[in-house]
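Let the hints inform the model, and build the full structure from the sequences given.
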Amino acid sequence: MSIVDTAKQAAQGLMQGAMEKLVPLAPDSWIPGGVPDPLIARKHGLIGTPVSRLDGPLKVKGGARFAAEYRFDDMVYAALVYATIPRGRIVAIDQAAAEAATGVVLVMTHRNAPRMNTPAVFGSSPTAVGPADLPILQDDRIHWNGQPIACVLAETQEQADHAASLIAVTYDEEPSTTSLAGAKANGMEQGLFMGQPLLNEIGDAEAALASAPHRIDHVYRTPRHNHNPIEPHAATLAWVDGGLVIHDASQMVTQQAQTIGEVFDLTPDQVRLTSPYVGGGFGSKGLWDHQVIGAAAAQLAGRPVRITLSREGVYRVVGGRTLTEQRVGIGATADGRFQALIHSGLSVMTPHNSMPEPFILGTRAAYAAPNIALKVEIARMNMLANTFMRAPGEAVGTFALECAVDELAVQIGIDPVDLRILNEPDKDPTSGLPFSSRHIVEAWRRGAERFGWSDRPATPASRRDGEWLVGMGCATGTYPYYRMPGAEARITLTRDGDAVRATVEVAAAEMGMGTSTTTAIVAAERLGLPLDRVEVAYGDSAIPGAIMAGGSQQTAAIGAAVIAAHNALVAELLKLAGNDSGLAGLSPDDVGSVDGGLSKRDDPVRRESYASILSRARRDSVTVTAAGSPPLELMHWSMHSHSALFCEVRVNAVTGETRVTRMLGSFDCGRILNPRTATSQFRGGIIMGLGMALMEETQFDERSGRIMNPSLAEYHLPVHMDVPEIDVIWTDIADPHTPMGAHGIGEIGITGVAAAVANAIYNATGKRVRNLPITLDRLL
Amino acid sequence: MSLIINGIAVPAPVDPRVSLLDHLRETLHLTGTKKGCNQGACGACTVLADGERILSCLALAVQYDGRSITTIEGLAQDDALHPLQAAFIEHDGFQCGYCTPGQICSAIGMAAEARRGVPSHVTTDLTADVTLSRAEVQERMSGNLCRCGAYNGIVEAIRSTVAAEVAA
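Top to bottom, those sequences are chains A and B. Under this note's numbering, the letters of the first sequence match residues 26 to 805, in that order. Under this note's numbering, the letters of the second sequence match residues 497 to 664, in that order.
To be clear, the hints were calculated from the coordinates, so they are not data collected in a lab. Misleading hints may appear alongside valid ones.
To be verified - Between beta-carbon pairs, the in silico distance windows are: (1) B:Val618 <-> A:His135: 49 to 55 Å; (2) B:Gly562 <-> A:Thr109: 29 to 35 Å; (3) B:Gln535 <-> A:Pro63: 50 to 56 Å.
Stated by the list, open to error - Some, not all, of what chain B presents toward chain A, calculated at C-beta under 8 Å: (4) Gln535; (5) Gln591; (6) Arg643.
Claimed, not checked - Here are some of the chain A residues that sit facing chain B, going by a computed Cβ distance under 8 Å: (7) Pro82; (8) Lys84; (9) Glu94; (10) Thr181; (11) Asn253; (12) Pro254; (13) Ile255; (14) Pro301; (15) Gly304; (16) Ser335; (17) Arg336; (18) Met536; (19) Arg701; (20) Thr702; (21) Gly709; (22) Glu750.
All C-beta atoms, glycine included, are put in the ideal place defined by N, C-alpha and C.
What follows is the structure, given as structure tokens:
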């Protein structure tokens with residue numbers, strides 16, 4: 026790092042530190058969200074009514090085009106060869122047979138690949154999304170078992186796959202660390218998340234735990250997981266006039282285009298990345314080696330390339346969630362009030378990436394306790410770089426925390442719902458900030474009533490139905506409200522006879538969350554137009570701004586950008602309206618968008634339609650672009666979503682098989698924008714949580730560092746038969762400090778689910794399983 | 497040699513290694529049929545061969561000489577969606593939409609199996625006509641994975657259309 030970089034970082038640190046001290050003290054009205062979004066008060070519009078996906082007809086007809094379904098003339102197909110050792114050097118590559126095979130156009134290895142810059146690793150700059158701080162096909166070094174080391178291009182996929190199988194590689198293997206024990210023995214480091222240490226210490230938690238009348242202190246373990254979207258990662262790409270056109274599957278469109286551009290020394294406008302449909306992502310649809318290799322091979326061969334990872338290839342190239350070992354210690358008074366809360370432990374990453382599984386994040390704001398100690402340490406292993414997977418941190422952190430709370434409830438002899446409500450904090454226990462919106466107690470009470478929680482067997486292993494032991498469990502889920510900077514929105518109003526059409530463009534991604542539909546709903550309400558007059562464009566790096574479908578923040582980021590663009594549009598329209606309009610003399614703050622035009626807020630008779638304003642100004646259209654406000658609200662309030670989860674299981678006393686028979690999620694996530702798609706998001710998260718609880722594990726061979734179950738046959742995920750009807754309810758209480766009063770809901774669903782299942786299994790069987798997944802053998 | 501795809505005769509591939517799935521997607525540009533695992537584990541590539549559901553990734557195209565293949569593109573009549581396609585939208589039986597064509601083709605094939613009286617693992621009376629209860633639909637559709645977790649909506653869509661016709 027240069028002196029300039031160091032100085033820059035120090036200055037940024039000072040700035041950040043000053044902001045963190047000042048922003049909490051600022052008056053609410055200075056902060057984004059300090060004045061509630063006017064849409065929160067609108068009760069009779071589209072927001073909150075169920076709307077079917079606008080891209081539904083296309084998707085059910087098979088007409089939505091995914092990344093591997095674009096074509097270029099003269100396109101060739103790629104196949105990859107993967108290293109079979111965890112660490113070392115390539116000594117020799119025998120590629121003669123591959124080069125001689127029918128249809129082969131190119132065999133590319135580190136020896137003939139073009140010189141490329143190392144992709145900037147995620148977190149090293151606001152737009153950097155590289156998977157690891159490693160060059161791609163630039164030298165003979167092997168860093169993980171499964172690393173791509175050669176790429177074959179051929180006229181057909183079959184020819185490429187066959188030729189790749191003919192390549193023989195000789196290695197010089199070097200010592201590696203592929204076992205957890207070995208990684209621990211090499212030493213541990215403090216984990217950092219977004220540059221901040223994953224560390225909180227308030228009071229003396231160890232002493233308070235030791236002296237508490239009730240004590241729980243256990244270690245919980247969660248294994249590696251893979252996202253497993255059904256669409257394998259793929260890109261169809263071509264070099265056109267010195268620039269790169271990529272049809273990709275991406276949940277970070279602009280950032281990915283920029284990072285790839287830097288790899289090839291291209292300017293931002295020389296990379297065009299589109300990704301209109303993404304076949305599931307869950308954190309995985311980002312930049313990995315294959316897009317860079319595909320682009321390099323296309324450059325070398327002078328032909329467009331389709332590179333589709335095989336399912337095994339996805340496991341070799343695309344990282345998943347890493348493993349954790351978590352200690353949770355809770356000390357409580359005789360009546361159950363927490364005196365000490367300890368949540369600490371380790372997660373594993375590689376020497377070349379920076380994504381610890383931040384499992385304490387949810388604990389920071391979960392419960393009131395005078396003594397708190399939270400810490401994540403890191404051990405490093407030679408493996409594929411791990412990454413974020415749905416609710417990184419919270420998904421596995423809530424398993425440990427919420428099982429421990431259940432264990433404490435059993436010890437004290439108190440209902441676990443009552444124990445949670447008893448320890449509800451009145452402000453953020455670690456930051457001290459006020460909550461922006463927290464109605465978790467209401468979620469608990471409504472959920473318990475609807476689920477029939479009072480019917481829970483009070484004594485574990487006391488209810489039996491033939492071979493089946495029946496039990497109920499509950500847990501809290503939690504996920505923060507985020508809004509990342511960088512989002513922009515471009516609104517174009519176009520005259521269409523006596524009316525107008527609006528196009529809203531955002532550089533966002535749609536992986537099935539319903540973003541394109543929800544964005545249209547919100548934009549229609551904000552512009553005062555019918556839904557069928559609003560078109561949303563997204564998934565294209567040519568659109569201004571950068572928005573990530575991650576951190577459950579996309580809806581908030583889009584919402585704030587559209588607010589800013591709408592303000593700019595109103596100002597522009599007032600200018601165009603001029604002095605002959607009924608709106609003459611009004612400022613943008615005086616008017617709102619209603620019924621296809623602008624009206625004075627307190628005197629709606631003073632209005633003019635958009636079409637009339639454009640027509641008098643002799644304009645066919647007007648376009649504005651604006652960026653969302655900086656997300657200072659995140660430093661001013663403690664902002665979180667919550668859920669109360671209830672689960673009923675039946676465990677077979679003979680086989681140990683667990684069946685989830687009932688599940689209810691009671692959510693407190695601000696105002697729900699589209700109940701139809703929101704229900705699906707909640708259910709989808711819960712189902713991934715059921716998989717995590719009962720079956721999902723990426724099996725890692727600690728001898729060779731190789732993933733042993735790289736297929737959907739051997740990595741078990743929930744199928745139709747595993748999933749009961751999942752009941753979902755929500756408080757629908759708007760957060761006054763967010764756009765539309767909404768919270769993101771993509772990740773909250775998975776959190777807490779594994780604990781609810783584990784707690785139900787304990788209630789059914791009297792067996793406490795602290796290691797996931799809870800497979801049959803662990804219950805026999 | 498030729499295959500009949502959605503009623504139209506098309507040549508079989510020259511390379512005998514080409515799967516029916518790759519033939520559909522890469523040669524015929526019928527990309528509605530999806531590739532999820534290419535090894536018969538996910539069901540995304542399900543199509544109908546003479547009305548029976550098959551995994552097109554495990555089928556070599558040349559094996560289907562003279563057979564009639566229906567893909568997702570062949571279900572809608574003119575502009576009208578197949579009732580099951582419409583029900584998938586109504587019940588939100590998908591999120592990303594990638595497994596959807598396979599789920600829809602599989603459900604149509606599944607209903608035909610039930611009409612023929614084919615039992616499943618959860619069928620209790622092997623001699624009676626099959627009724628597609630919720631459990632029957634779940635069991636018979638378990639070869640079609642949906643990672644977004646739209647299972648509840650998928651089952652509702654199936655039970656409100658093709659499964660209801662079996663019971664009638």
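Comparing the hints with the structure gives:
For Val618 of chain B and His135 of chain A, the Cβ-Cβ distance of about 54 Å falls inside the hinted range of 49 to 55 Å, so the restraint holds. A hinted range of 29 to 35 Å is violated for the C-beta pair Gly562 of chain B and Thr109 of chain A, which are about 43 Å apart. Between Gln535 of chain B and Pro63 of chain A the C-beta distance comes to about 53 Å, which sits within the given range of 50 to 56 Å. A hinted interface residue such as Gln535 of chain B counts as satisfied when its beta carbon comes closer than 8 Å to some beta carbon of chain A; here the least separation is about 6 Å, so the hint holds.
Because the smallest distance between the Cβ of Gln591 of chain B and any Cβ of chain A comes to about 3 Å, under 8 Å, the interface hint for this residue holds. Interface hint status for Arg643 of chain B: upheld, as the beta-carbon distance to the closest one in chain A is roughly 5 Å, under 8 Å. Restraint check, Pro82 of chain A versus chain B: the minimum CB separation of about 7 Å is within 8 Å; hint holds. A distance limit of 8 Å between C-beta atoms decides the matter here; for Lys84 of chain A the minimum to chain B is near 3 Å, and the interface restraint holds.
The criterion of a C-beta within 8 Å of any C-beta in chain B is met by Glu94 of chain A, whose closest approach is roughly 4 Å, and the hint holds. Hint status for Thr181 of chain A relative to chain B: holds, with the closest Cβ pair at about 7 Å, below 8 Å. Taken as an interface hint, Asn253 of chain A checks out: its beta carbon lies about 6 Å from the nearest beta carbon of chain B, inside 8 Å. For Pro254 of chain A, the interface hint holds, since its Cβ comes within 8 Å of a Cβ in chain B; the closest pair sits about 6 Å apart.
For the restraint placing Ile255 of chain A at the interface with chain B, the shortest Cβ-Cβ distance is roughly 4 Å, inside the 8 Å limit, so the hint holds. The interface hint given for Pro301 of chain A is violated, since its Cβ lies 11 Å from the closest Cβ of chain B, which is over the 8 Å cut-off. Interface hint status for Gly304 of chain A: upheld, as the beta-carbon distance to the closest one in chain B is roughly 3 Å, under 8 Å. Annotation: interface hint on Ser335 of chain A holds; nearest CB of chain B at approximately 6 Å, less than 8 Å.
About 4 Å separates the beta-carbon of Arg336 of chain A from the nearest beta-carbon of chain B, less than 8 Å, and the hint is met. With a cut of 8 Å, the hint placing Met536 of chain A at the interface with chain B holds, because the nearest CB-to-CB distance is about 5 Å. Restraint check, Arg701 of chain A versus chain B: the minimum CB separation of about 5 Å is within 8 Å; hint holds. Satisfaction of the interface hint for Thr702 of chain A is found here, the shortest Cβ-Cβ separation to chain B being roughly 7 Å, below the 8 Å cut-off.
At its closest, the beta carbon of Gly709 of chain A sits 3 Å from a beta carbon of chain B; the interface hint therefore holds under the 8 Å criterion. Residue-level restraint check for Glu750 of chain A holds (minimum Cβ-Cβ distance to chain B is 6 Å; threshold 8 Å).
Of the numbered hints listed earlier, those contradicted by the structure are 2, 14.
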